[in-house]
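Novice: Mapping to our numbering: the sequence shown position 43 is 43, numbers consecutive.
If you are wondering where the hints come from, they were derived from the structure by calculation, not from laboratory data. For glycine and all other residues, C-beta sits at the position ideal for the given N, C-alpha and C. Incorrect hints may have been included.
Ranges between beta-carbon positions, derived for each pair [what the hints assert, rightly or not]:
1) Lys45 to Ala96: 22 to 30 Å
2) Thr43 to Ala67: 34 to 42 Å
3) Thr68 to Thr43: 22 to 30 Å
4) Leu22 to Val75: 21 to 29 Å
5) Leu22 to Tyr60: 28 to 36 Å
6) Asn107 to Thr64: 16 to 24 Å
7) Glu77 to Lys45: 16 to 24 Å
8) Arg25 to Arg88: 14 to 22 Å
9) Ser30 to Met102: 27 to 35 Å
10) Ala67 to Thr27: 28 to 36 Å
11) Asn107 to Ser30: 30 to 38 Å
12) Arg88 to Ala67: 17 to 25 Å
13) Arg25 to Ala84: 15 to 23 Å
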Amino acid sequence: MESIKLQNVISEMVPPNTTTELGYRLTVSSSAVSLLAADIGATAKYVMLQVQGAAVYCTYDGTTPSATNGIYVNVFEKTVVQRALALRMKFIRVTAADGYVMAQPFNSLAA
């Protein structure tokens, strides 16, 4: 799956359809969680993800994240990925404090 470089992408995103592509807040606690298809509009091609509240570990291949498996993602870091990749990603908190992943779907990028 292709990831999109965030540089200059946010300004090119087409605003989401406010009926079918609502943002979603995923709580990240002590058990691995992932976004569900119902959390991201079916017409969305891309999803902007931002970590809030507390840092998380993340995996992109569907394996369970931990301190020894996955990528450390700090608060307020964000990325844009294709919808299929967003649905494979898993998250778990780093510390005793829960984190959150904000997911904002988009139909397409501006031409």
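Novice: Each hint: holds or not?
Specialist: Okay, the hints, checked on the actual structure:
1. Between Lys45 and Ala96 the beta carbon distance is about 36 Å. The supplied range of 22 to 30 Å is therefore violated.
2. Roughly 37 Å separates the CB atoms of Thr43 and Ala67, a value that falls within the hinted 34 to 42 Å.
3. A hinted range of 22 to 30 Å is violated for the C-beta pair Thr68 and Thr43, which are about 37 Å apart.
4. A hinted range of 21 to 29 Å for the beta carbons of Leu22 and Val75 is consistent with their spacing of about 23 Å.
5. Our hint of 28 to 36 Å for Leu22 and Tyr60 is violated, since their Cβ atoms are close to 24 Å apart.
6. Taken as a hint, the range 16 to 24 Å is violated for the pair Asn107 and Thr64, whose Cβ atoms sit roughly 31 Å apart.
7. The supplied range of 16 to 24 Å is met by Glu77 and Lys45, whose beta-carbon atoms lie about 22 Å from each other.
8. Taken as a hint, the range 14 to 22 Å holds for the pair Arg25 and Arg88, whose Cβ atoms sit roughly 19 Å apart.
9. Checking the proposed 27 to 35 Å range against Ser30 and Met102 shows it is violated: the Cβ atoms sit about 20 Å from each other.
10. Ala67 and Thr27 have their C-beta atoms about 20 Å apart, which leaves the hinted 28 to 36 Å range violated.
11. With their beta carbons about 35 Å apart, Asn107 and Ser30 fall inside the hinted range of 30 to 38 Å.
12. The beta-carbon spacing between Arg88 and Ala67, approximately 20 Å, falls within the hinted interval of 17 to 25 Å.
13. Between Arg25 and Ala84 the C-beta distance comes to about 21 Å, which sits within the given range of 15 to 23 Å.
When the structure is compared with the earlier hints, violations turn up for hints 1, 3, 5, 6, 9, 10 and for no others.
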